[in-house]
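*Asks:* The chain contents come next:
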Amino acid sequence: MKLIFDNTTLDLKPNGKSYIATFDGKTATVEILRAADGKLDLLIDGKRVIAYVSADNAKRWVTVDGRTFLLTKSSGAKRRGAGGDQASGLAAPMPGLVRSVNVVEGESVTKGQTLMVLEAMKMEIRIHAPMDGVVKSLAVKVGQTVEREQELIKVESQTSKD
Amino acid sequence: MFKKILIANRGEIAIRIMRACKELGIKTVAVYSDADKNSMHAQLADEAIHIGDSSPKQSYLNADVLIQAALASQADAIHPGYGFLSENASFAGTVDSAHLTFIGPSADSIRAMGDKAESKIRMKKAGVPTVPGFEGLESESDFKKAAEEIGYPVLVKAAAGGGGKGMRVVNQPEELHEAIESARGEASNAFGDDRLLVEKYVADAHHIEFQVFGDQHGHLVHLFERECSTQRRYQKIIEETPSPLLTPELRKQMGEAAVAAAKAVGYYNAGTIEFIFDPSLSTPALSGDEGFYFLEMNTRLQVEHPITELTTGIDLVQWQIRVAAGERFPYSQEQLTQRGHAIECRVYAEDPANGFFPSTGKLLQYIEPRGPGIRVDLGFRADDEVSHFYDPLLAKLIVFGESRETAIQKMQAALREFVAHGVTTNIDFMQDVLSHEDFTSGKVSTKWVENKFNWKPSTPTFESLIAASLADLTIVNRPSSIVNEHDPFSPWKNPNGFRN
Numbered sequence: 020m021k022l023i024f025d026n027t028t029l030d031l032k033p034n035g036k037s038y039i040a041t042f043d044g045k046t047a048t049v050e051i052l053r054a055a056d057g058k059l060d061l062l063i064d065g066k067r068v069i070a071y072v073s074a075d076n077a078k079r080w081v082t083v084d085g086r087t088f089l090l091t092k093s094s095g096a097k098r099r100g101a102g103g104d105q106a107s108g109l110a111a112p113m114p115g116l117v118r119s120v121n122v123v124e125g126e127s128v129t130k131g132q133t134l135m136v137l138e139a140m141k142m143e144i145r146i147h148a149p150m151d152g153v154v155k156s157l158a159v160k161v162g163q164t165v166e167r168e169q170e171l172i173k174v175e176s177q178t179s180k181d
Numbered sequence: 011m012f013k014k015i016l017i018a019n020r021g022e023i024a025i026r027i028m029r030a031c032k033e034l035g036i037k038t039v040a041v042y043s044d045a046d047k048n049s050m051h052a053q054l055a056d057e058a059i060h061i062g063d064s065s066p067k068q069s070y071l072n073a074d075v076l077i078q079a080a081l082a083s084q085a086d087a088i089h090p091g092y093g094f095l096s097e098n099a100s101f102a103g104t105v106d107s108a109h110l111t112f113i114g115p116s117a118d119s120i121r122a123m124g125d126k127a128e129s130k131i132r133m134k135k136a137g138v139p140t141v142p143g144f145e146g147l148e149s150e151s152d153f154k155k156a157a158e159e160i161g162y163p164v165l166v167k168a169a170a171g172g173g174g175k176g177m178r179v180v181n182q183p184e185e186l187h188e189a190i191e192s193a194r195g196e197a198s199n200a201f202g203d204d205r206l207l208v209e210k211y212v213a214d215a216h217h218i219e220f221q222v223f224g225d226q227h228g229h230l231v232h233l234f235e236r237e238c239s240t241q242r243r244y245q246k247i248i249e250e251t252p253s254p255l256l257t258p259e260l261r262k263q264m265g266e267a268a269v270a271a272a273k274a275v276g277y278y279n280a281g282t283i284e285f286i287f288d289p290s291l292s293t294p295a296l297s298g299d300e301g302f303y304f305l306e307m308n309t310r311l312q313v314e315h316p317i318t319e320l321t322t323g324i325d326l327v328q329w330q331i332r333v334a335a336g337e338r339f340p341y342s343q344e345q346l347t348q349r350g351h352a353i354e355c356r357v358y359a360e361d362p363a364n365g366f367f368p369s370t371g372k373l374l375q376y377i378e379p380r381g382p383g384i385r386v387d388l389g390f391r392a393d394d395e396v397s398h399f400y401d402p403l404l405a406k407l408i409v410f411g412e413s414r415e416t417a418i419q420k421m422q423a424a425l426r427e428f429v430a431h432g433v434t435t436n437i438d439f440m441q442d443v444l445s446h447e448d449f450t451s452g453k454v455s456t457k458w459v460e461n462k463f464n465w466k467p468s469t470p471t472f473e474s475l476i477a478a479s480l481a482d483l484t485i486v487n488r489p490s491s492i493v494n495e496h497d498p499f500s501p502w503k504n505p506n507g508f509r510n
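Taken in order, these protein sequences are the chains called A and B. Residue numbering for the first sequence follows the working numbering, starting at 20 and increasing by one per position. Residue numbering for the second sequence follows the working numbering, starting at 11 and increasing by one per position.
Among the hints, erroneous ones may be present.
Every beta carbon over 12 Å from chain B, so not counted as near; a handful from chain A, in silico [what the hints assert, rightly or not]: (1) 120; (2) 127; (3) 156.
Here's a subset of chain B near chain A, in silico, CB distances under 10 Å, partners left out [unchecked claim]: (4) 58; (5) 62; (6) 175; (7) 196; (8) 370; (9) 394; (10) 398; (11) 413; (12) 425; (13) 428; (14) 434; (15) 435; (16) 438; (17) 468; (18) 473; (19) 480.
Simulated crosslink set (DSBU-like; lysine-lysine; CA at most 30 Å straight-line) [to be verified]: (20) A:160 <-> B:47; (21) B:372 <-> B:453; (22) B:462 <-> A:130; (23) B:32 <-> B:67; (24) A:78 <-> B:47; (25) A:45 <-> B:466; (26) B:453 <-> B:175; (27) B:175 <-> A:130; (28) A:78 <-> B:372; (29) A:173 <-> B:175; (30) B:466 <-> A:58; (31) B:262 <-> A:160; (32) B:67 <-> A:160; (33) B:466 <-> A:78; (34) B:154 <-> A:130; (35) A:21 <-> B:466; (36) B:457 <-> B:210; (37) B:135 <-> B:175; (38) B:246 <-> B:13; (39) A:92 <-> B:372; (40) A:36 <-> A:58.
No lab work stands behind these hints: they were computed from the structure. Using N, Cα and C, we set each Cβ at its ideal position, and we do this for glycine too.
Excised from the complex, chain A in its bound form (with noise of 0.2 Å):
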């Protein structure tokens, strides 16, 4: 069975009571002592591993040795492409809230120019226009409250006609 998390794949096979698992390269049995709470008790080629384990629909949570790691498991779905319109959506870096938006679609903007503001506990957030062009759409209103990565408005750059 391959199990890929992000970028890495990870090959875990049954093996009477015990798991042989590998990747890139290296090969360890794995013996499970217990697993319960969200806490493993594990032999990895007869060491002792204690692993804490949490799971929120694809992400896996895990923290071995004093290490956390944030883990997206993968079905294997292939990767969706870049845009191809040269339209470029600016997302959220953080959830918050839209504070101000400068700008109205069709407008025309600069490179570096203050698009919109968004504002989160102690921090504010200018959105910048990444270069010139005009605003394509907007996603988001004054007031609202927005999730991280959520997109908050597009910019089409302008293309000479000449």
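Assemble the complex: chain A is given as a structure, and chain B must be docked to it using the hints.
*Replies:* The following block gives chain B in isolation, referenced to the frame of chain A:
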């Protein structure tokens, strides 16, 4: 003594204050917004009053509603905690006029220290060293002249400011116009006051602050320093005491300056004098300048107060309550001593690999470290939601060791034991800060995280991948929707090997 105190705050600090109240036999009233209806602080109080919707303006910043809640619950005092209304002079005044006690300094002291420009003038008069600079400037040409006189780089900052808002570093004259404009805009938005001042920018500055404490009978002392130079976005993340940089002579000088600064505004209750410290100037033989300058005073309890509590043995929150009730603070400056070393790490729900942006979500697992010399001041439990409405401080992890070295070791071990899943945290980041030689040698200045420490999260190990692939063996926190009965690899199909 008070019979009942309303705590006008939330999260870990509300809980910290409640503990002190309970120890003193005082009843507590919590207030909570919509987002906090299941929060720990609302559940630990004797009474809890809903004060409005999730936005701070409608709840924790709404003075009228807070005072109504205090009157309705027959509280006799209000503790503001830190942040929110804690440094709002008019709130302190309104509390007084409602015949309630504000647990903090007088409204006049808050007002005097709240205005950066005005407080700087007062400090100069009191003989407290301040950063060379100019206040009360109007036109851009005044700023230009002032900046030239000080010498670039300069710092343009809001007179009413704090927390890094309305603050811009200007490296050359061409940048001045833009810096003034943007600092003005930010200051006006954040504080309703667009006055700016300009001062020398200390590039390699350390942030060293002194805890002061006074009663209402004119007695005021300092409780030594806290080194708070590990910061990102002008916000502290790691604090320690004593500072690895101060000599006993400098500590004495700075402590005396801190006491003079607080006395100049008739201060009582807990407060903190923040200094900028330039280690390159700290050898008086090289210049007449001691290298420390008054930055500002925080007229409230500080987030990092626990490290002072651990090294002095003084419970600052209990004493805040006791002096607010009129008691005398019984210790003289000579009786106060520091012992050992304490460090605080602020565990934030934020992503150090992505500009320290706050991370929100439900805490799927949350296990705090325990053991000798470890204190955790927390405001969250497993299953709690970390929302975007408030500061993403999950917990304060505080350790005490007999020396700086042992305290660092203890903190490292404690951070490794800390498990928080569901949001991204700065736990791994802080482990790497603590083990960096710049930290161990005390060289971390306030810009170090941004300019020097190029942190990258470690790549998943073989062991972590194995654990992730076996995660579904434990059913905790797993939404039922993802249980796949048809998954041939599901561990539930294979009952061997992992029974309890």
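*Asks:* If a hint holds in the structure, say so; if it doesn't, say that too.
*Replies:* Here's how the hints hold up against the structure:
1. 120: holds (15 Å)
2. 127: Per Cβ check, residue 127 (chain A) is outside 12 Å of chain B; nearest 21 Å; holds.
3. 156: Check passes; 24 Å lies beyond 12 Å.
4. 58: Given a least distance of 23 Å, the restraint on residue 58 (chain B) is violated.
5. 62: Violated, because the Cβ-Cβ distance from residue 62 (chain B) to chain A comes to roughly 16 Å (cut-off 10 Å).
6. 175: holds (8 Å)
7. 196: holds (7 Å)
8. 370: Holds, because the Cβ-Cβ distance from residue 370 (chain B) to chain A comes to roughly 5 Å (cut-off 10 Å).
9. 394: Check failed: Cβ of residue 394 (chain B) comes no nearer than 14 Å to chain A, outside 10 Å.
10. 398: holds (4 Å)
11. 413: Since chain A brings no Cβ nearer than about 23 Å to residue 413 (chain B), farther than 10 Å, the hint is violated.
12. 425: Residue 425 (chain B) check passes; min Cβ-Cβ to chain A is 7 Å, inside 10 Å.
13. 428: holds (8 Å)
14. 434: Hint on residue 434 (chain B): holds, closest Cβ of chain A at ~7 Å, below 10 Å.
15. 435: With a minimum Cβ separation of about 7 Å from chain A (threshold 10 Å), the hint on residue 435 (chain B) holds.
16. 438: Cβ of residue 438 (chain B) sits 6 Å from chain A, so the hint holds.
17. 468: holds (6 Å)
18. 473: Nearest chain A Cβ about 5 Å off; hint holds.
19. 480: holds (6 Å)
20. A:160 <-> B:47: holds (28 Å)
21. B:372 <-> B:453: Not satisfied, since the Cα-Cα distance of roughly 37 Å exceeds 30 Å.
22. B:462 <-> A:130: holds (29 Å)
23. B:32 <-> B:67: Within the cut-off at roughly 29 Å; holds.
24. A:78 <-> B:47: Between residue 78 (chain A) and residue 47 (chain B) the Cα gap is close to 27 Å, so the pair holds against 30 Å.
25. A:45 <-> B:466: holds (24 Å)
26. B:453 <-> B:175: holds (26 Å)
27. B:175 <-> A:130: Holds: residue 175 (chain B) and residue 130 (chain A) sit about 25 Å apart, inside 30 Å.
28. A:78 <-> B:372: holds (13 Å)
29. A:173 <-> B:175: holds (29 Å)
30. B:466 <-> A:58: Judged against 30 Å, a Cα distance of about 26 Å means the pair holds.
31. B:262 <-> A:160: The hint is violated at about 55 Å.
32. B:67 <-> A:160: holds (20 Å)
33. B:466 <-> A:78: With Cα atoms ~20 Å apart, residue 466 (chain B) and residue 78 (chain A) stay inside 30 Å; holds.
34. B:154 <-> A:130: holds (28 Å)
35. A:21 <-> B:466: Given that 30 Å is the threshold and the Cα spacing comes to 28 Å, the pair holds.
36. B:457 <-> B:210: holds (16 Å)
37. B:135 <-> B:175: holds (27 Å)
38. B:246 <-> B:13: At roughly 35 Å apart (the allowed maximum being 30 Å), residue 13 (chain B) and residue 246 (chain B) break the hint.
39. A:92 <-> B:372: The given pair, whose Cα atoms are some 19 Å apart, holds under the 30 Å limit.
40. A:36 <-> A:58: holds (19 Å)
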